[in-house]
Amino acid sequence: MTNQWKLKEIVLMSILGVVFGVIYLVFFLVGQGIRNILVPFGLAPFGYEIIFGIWFIVSIMAAYILRKPGVAFTAELIAGVVEVLLGSAAGPGLILAAAIQGLGAEAVFAATKWKYYRLRILVLSGVSAAVFSFVWNLFSAGNIALAPWLIVSTLIVRMISGALLAGVLGKWLSDQLAKTGVLRGYALGKELKRKRKYGAA
Amino acid sequence: MISSINPSIKAFAVLIPGIMLGFTFDVFTPLLYFLFILGITFSMTDIPTLRWLKLFSPFVLIALGFAWMTVLYANQTFSYGEVVFSLWGLEVTTGSIQTGISLALRSLCFGALSLLFILTTDSTKLMLSFMQQCKLPPKITYGILAGYRFLPIFQHELQVLKQAHRIRGVGRTKGIKGRLNQFRRYAIPLLANGIRKAERVAIAMESKGFTGDKDRTHYHQMKVEKRDWLFFVLMIGMLAAVFILSYYLGYLNIFGKRY
Amino acid sequence: MEQLNVQPKPVIEVRDYSFSYEEIDEQPLFNRLSFALNENEVTLLMGASGAGKSSLALCLNGLYPDAVEGTATGDIYFHGRHISEFEKGELNQEIGIVFQDPESQFCMITVDDELAFTLENRKFPASEIKGRIKEVLKAVGMEGFEQNKIHELSGGQKQKIALAAVLLLEPEMLILDEPTANLDPVSSLEFIELVQEIQEERGMSVLIIEHQADDWLELIDRVLVIGRDGQLLADDTPERLLTEQKQLLEQEGVFLPRAYSDAKDLRDVLPIAAPSEESVLSVDGLAFSRKKQQVLEDVSMDIRGGEFVAIVGENGAGKSTLLQLMAGLLTPSKGNVLLSGRKLEKWDENELRKRLGFVFQNPEHQFITDTVYEELTFGMRLNGYAEEEMEQAAGELMRQFHLEKQHDSNPFSLSGGQKRRLSVATVLDETPDILLFDEPTFGQDAATTAELMHYVMELKSKGTAIVFVTHDMDIVDAADRVSVLQHGKLAYDGSPEKLWEKEELLQEARLRLPARMRLDRKEGVVYDLIH
Ligand SMILES: Nc1ncnc2c1ncn2[C@@H]1O[C@H](COP(=O)(O)OP(=O)(O)OP(=O)(O)O)[C@@H](O)[C@H]1O
Ligand SMILES: Nc1ncnc2c1ncn2[C@@H]1O[C@H](COP(=O)(O)OP(=O)(O)OP(=O)(O)O)[C@@H](O)[C@H]1O
Ligand SMILES: [Mg+2]
Ligand SMILES: [Mg+2]
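Residue numbers (the UniProt record's numbering), protein chains in the order written: chain A, 1 to 201; chain B, 1 to 259; chain C, 1 to 531.
Hint data in this document are derived by calculation from the structure and do not stem from the laboratory. A virtual CB, placed ideally from N, CA and C, is assigned to each residue, including glycine. Among the clues, some could well be false.
Claimed, not checked - Covered by chain C, per the in silico footprint, the following chain B stretches (three or more residues, Cβ under 8 Å):
| hint | region |
| --- | --- |
| 1 | 110–118 |
| 2 | 199–210 |
| 3 | 233–244 |
To be verified - Here are the simulated lysine-lysine pairs, PhoX-like style, with alpha carbons at most 20 Å apart:
| hint | chain 1 | residue 1 | chain 2 | residue 2 |
| --- | --- | --- | --- | --- |
| 4 | B | K125 | C | K149 |
| 5 | C | K123 | B | K135 |
| 6 | B | K223 | C | K149 |
| 7 | A | K68 | A | K193 |
The shape of chain A in the complex, shown without the other chains (with noise of 0.2 Å):
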């Protein structure tokens, strides 16, 4: 598989892997802060699982712009062990959860072979991150032990936030880069000059 990949690609994801290890991390204190919010209402444990979506982005964004086989899988694995190298609080279980969140985004792409990478197909990767993800959690967070009405919201409210942090907004932002032109050389770069090309034809 890593034959298939060109060095430029593999630094690509992993420069996504560090800006995003970064955003990761400042995530962290936005969940919090939404967390405390949110505990007068009873609500607490909803607060991570609305921004849940931005930790699967790299996935999603790596493979859009890249387009081959385990890009999904591997650009989050390697935002994972940035944001270990960084000092995460979740310590290097987050290695394993990176590893398994990318496993759910890259079966989407693979069901399809590789080959669409529509705005509904980014979509259902966030949420297939999202469930796997949540799989995981019930071990590793020890959620099992929760109410099962507050299983099945949380795991709602992050399919959502899946769909929608990384899905569209991982859509949006790669797009977004691409108009800059630093794309170029990547297949979705191509992608666009070949639209264009085929557009003024």
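Chain A is fixed; fit chains B and C with the ligands onto it per the hints.
Positioned in the frame of chain A, the structure of chains B and C with the ligands alone reads:
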């Protein structure tokens, strides 16, 4: 000293307890192991206590959050025992309190383990060790390192971008709205610059004769010695001992099943 | 030059090679080039800025067209084997290159890791790496910098590390793309000597891209010239080319070496306008430290309206730092900077930026938009100009600085010289009180250098104070005043004429005489100045 332990071995020695503790739902097991980690941290590293406390305090907050949530919202399996009090119509039992405390201690263990790892490990050496010991392909290793190199530069880059905006006449901004505006103006260029750098770094690496070939020499040779395995055995052996002790004393609780 | 009589053995052979960044059916960047680079031969590649020299260099060692998604036709052979048959990186161990932009050729954080990376790729025995790094750092004059972070080095220091890295590769063919552009005069001479030594010792083939080739002349066996239209205009020995085909070179706007040129000295052609008595910017007891390192110490100077001041000094002396302090981008740890008698921090930011223009040493640091046009109109847009006005002003600047064809290009994808010109042009949309330039002329051909100088001098005659940090002694010669920085202290502040008489100071600050005086004194003295 833990800082000289081989990073790959250290990573596994920290990761395995992290996963195994995920099975426990009693108070005793994680508490005992937590004390053990503290012992290791303060006897075998030279991390200043004050610095450690500062870094550790957010973990405590998060752990308390976890505990509180579980105490309130535990399901039937875990809300055994008598009702202690009720809040917002939710009944809190001795079982749910125990489970909550257990989860809190567990996340304190994760936190302490991760600090133990991060504060004693050089990130470049970790990647090099992954390559040399775990056979991670050089292409991936150096690809990640090249991206990671961006991190210190990131700050520098932001500085330069700020300066550029200033000399081009975009004044310093004040207030939240200004900050938000600034964030928007910087976010895409910063990311775009990052990607541009990624491309150039890749070209630079190839221009220096990097082929991704596994057969290469190593300036920083990462070795595995007896003491590395000793550390591994210590961490895992202690974990096993804690589980066994907990079992004999009748505390062990795995997924709500007591032994 | 005896080699020319023996049948030369080609290392690289180029046949009918064309390359374009876009589709090739439009006008390609260079068109059906055919030539060979031979063993034990030093070749100089000349051409106007933007002609495609750097692009060609990257094609020769197989990094392009793949890395930029360009298209190419034709063939390139290395020792008779087609370069597409080589694995990525394999060919690069044989053909070493120093990129034009030193900042884009590093992949590690510290100097020693960077250098070790090259050696590891060559499977150099691990135990000898440390010693080898020490040796090469000594050769380029960067001893003791092993643990320094690369992004915290000065511009010239970075270039030296880039040179060290390629020397470690010990390639069969060496490509140097303006390798001395950011080096101080003596370092530059030392580097040229080093290349000469290594070349003679190993008999490798060397391709040099350089606008001002004077100091290289002694080594050079052959000169190639690519024209603006992408054709190979000449392939000849330097003597024949520089005497018989002078016109051609002048037409292309490249620098003729002084010995062959009858161009006048810069100081004689620039309009003379006396500065006013009024001080615009004054620096008073300035000190600055970075971490524990004291970079500047007790620097005081006064710059008057319409004055042209040159700041010189060896690599790492603190010139860029001083300029950034003058622009208010850094805050001094001691002392003050006053603009028109008022402290910089007391100025309203918008007003300050209208009165003071600044150009970074690295042109890319200047860029904040996605096209050349937007970049040029950025300031005007902020000040609420009308669209037609902007179009006209930007059009004029683009014409002046030969960037018309690049109207919609991304600033980051320009050639080295074009980037430099664009970054300079961005501050010329208005007439401020003072302009600070950090090495504004490097990477320019003769024509664009002359134009740029004239443009700037016109502003000067309108009363704008001009400050240049530069390593070009001919420009220093044309300045009203020169300030020499040495280890963070001001070692000299006065007229250039007087500076040229202080041989000891010149030597200590690693400076040289301007070309006109070197020619007067001929040989001897020049080389005495290095040793
Ligand atoms: N990555 C790129 N993408 C698109 N166009 C490019 C790119 N790099 C260079 N160009 C264009 O190709 C032309 C030749 O550039 P090149 O860098 O080869 O010039 P050069 O001869 O080295 O000039 P200089 O002396 O200024 O360094 C320029 O017009 C430039 O704008
Ligand atoms: N961002 C930075 N962090 C730490 N040290 C720095 C940084 N930038 C420069 N330095 C150090 O400060 C000193 C002065 O650097 P400066 O860039 O001012 O030199 P310079 O005179 O402009 O040299 P050059 O001619 O090579 O451009 C150098 O020793 C350099 O290593
Ligand atoms: Mg060039
Ligand atoms: Mg400088």
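How the hints compare with the structure:
Coverage of the region 110–118 of chain B by chain C is violated. Counting CB-CB distances below 8 Å, 0 residues qualify, and the rule asks for three or more. Three residues within the 8 Å Cβ limit are the bar, and the region 199–210 of chain B against chain C gives 12, so the coverage statement holds. With a cut-off of 8 Å between beta carbons, the region 233–244 of chain B has 0 residues touching chain C; three or more are needed, and the interface restraint is violated. Between K125 of chain B and K149 of chain C the CA atoms are separated by roughly 17 Å; this keeps the pair inside 20 Å, and the hint holds.
For the given pair, K123 of chain C sits about 17 Å from K135 of chain B by alpha-carbon distance, which is consistent with the 20 Å threshold. For the proposed pair K223 of chain B and K149 of chain C, the alpha carbon gap of about 26 Å is over 20 Å, so the pair is violated. Of the pairs offered as hints, the one joining K68 of chain A and K193 of chain A holds, with about 19 Å between alpha carbons and a cut-off of 20 Å not exceeded.
Hints 1, 3 and 6 from the earlier list are contradicted by this structure; the remaining hints agree with it.
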